[in-house]
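Numbering-wise (this note's numbering), the sequence shown opens with residue 3 and increments by one.
Honestly, the hints are just simulated from the structure, not real lab data. Hints may be right or wrong, so weigh each one.
Said to hold, decoys possible - Pairwise CB distance ranges (calculated):
1) Arg453 - Gly427: 27 to 33 angstroms
2) Asn237 - Asp260: 54 to 60 angstroms
3) Gly443 - Leu473: 47 to 53 angstroms
4) Arg247 - Glu48: 30 to 36 angstroms
5) Asp192 - Gly344: 54 to 60 angstroms
Glycine included, every Cβ here is placed at the ideal spot set by N, Cα and C.
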Amino acid sequence: MSASSPAAVVVLAAGGGTRMKSKTPKVLHEVAGRSLVGHVVAAARELGPEQLVVVVGHAGEQVVAHLEATAASVRTAFQAEQNGTGHATRIGLQELGGVEGTVIVVCGDTPLLSGETLGALAVTHATDGNAVTVLTAEVPDSTGYGRIVRDPVSGAVTAIVEHKDASPAQHAIREINSGVFAFDGRLLVDALSKLRSDNSQGEEYLTDVLSIVREAGHRVGASVAKDHREILGINNRVQLAEARRLLNQRLLEQAMLDGVTIVDPASTLVDVTVTFGQDAVVHPGTQLLGNTHVAEDAEVGPNSRLKDTVVHEGARVDNTVSDSAEIGPGATVGPYAYLRPGTKLGAKAKAGTYVEMKNATIGEGTKVPHLSYVGDATIGDHSNIGAASVFVNYDGVNKHHTTIGSHCRTGSDNMFVAPVTVGDGVYTAAGSVITKDVPAGSLAVARGQQRNIEGWVARKRPGSAAAQAALAATQDSDGES
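With the hints as extra help, turn the sequences into a complete structure.
And the structure:
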């Protein structure tokens, strides 16, 4: 832990978020693959705090369950009645017990807030020796925000004036309050005990701590965020979409600076957990979600959606949907392919046009070029699966496995009825329904004998276009003979 690491971070996430108009608690809405509160927790953890607590309230059990699943070891405190930010902070500190040192309090609906900005707040707080340090931002339009009023000589914060209470001169101030603070822990606990709720909302305001501390002779300072957009809170779906756009832009810019080619950032969407290798290329209309990795020299897109998918070096993925799959080095996928969970393509393998795969392991150099379904299967190396093949894996109750060996050549329009094993070096005839195991090196033919019934069209469809065409062909043949 560094000297500027806080003793504790308190994340306020108890509000209902009624303006979201949603069954989902506001702080659990997702932006770039992470919940709003998840982003805040991740930023807070970058500071290396000794303790971290999230104060929950509305839909508390749901929020706690989410945090237990996604943010291990984070403590939670329950605010049964939402009596204001000051009350919530006190509930959080009570969960932690005694706190000596810096306490940072942050809102749980600020997904753009970075660990770097929180770190700068902690450093400013320690360096300036403040009792309270407010995170502020210079905004183009401060309408509706609380203005930061400073002492013209010392630069200390003397007041936070709400928009409705501001004078004409204060309306011109563009530095605003973010709602994020660093406190001296001991002074914070004392000030919280003095908060009153005799206001129009009947709540205990955390901002009142500033005047209590100042009146006791302590200094209140400020740390200005480099980018005012980091402090944006989310209260409705419009703001949620804007946060997604801004965060996506940030992620793509960092990827490009790290050596990734993003052909059209405006049509490319990535999650915070996506990673890239150098010289990876992402074409327009592509979404990369979850724990997806696009390795060095790999290309993805256009018009592809990959979730929790690993694309190895030099692979090419075109117009594809993929979920929880692995695409080997130099492999090719698409266009219009669908890789479902459990699919593993070997090096230089191919899943071609209109191919769907699920729980399938495809060997090195093996090709499934087009119009096929491969489910619950293992295919060896350097085999070729003919067009319009189906691995018939489901009997209505259970799934069964198909195994096809290496260096096989299976015909078009084959049905492999699982469970079945096809040995190495096997050929199968087009139109076959393979229901029995095929020994290595065999040719499997599983179809009825063709029977031609001559004159059927003339007898059964007299006068039809087909009958007329057949008659003309017969007459031409007779004339030639």
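Taking the hints in turn, this is what the structure says about them:
no.: 1; hint: Arg453 - Gly427: 27 to 33 angstroms; in the structure: holds (32 angstroms)
no.: 2; hint: Asn237 - Asp260: 54 to 60 angstroms; in the structure: violated (33 angstroms)
no.: 3; hint: Gly443 - Leu473: 47 to 53 angstroms; in the structure: holds (48 angstroms)
no.: 4; hint: Arg247 - Glu48: 30 to 36 angstroms; in the structure: violated (23 angstroms)
no.: 5; hint: Asp192 - Gly344: 54 to 60 angstroms; in the structure: holds (58 angstroms)
Consistency with the previously given hints fails for numbers 2 and 4, ordered from lowest to highest.
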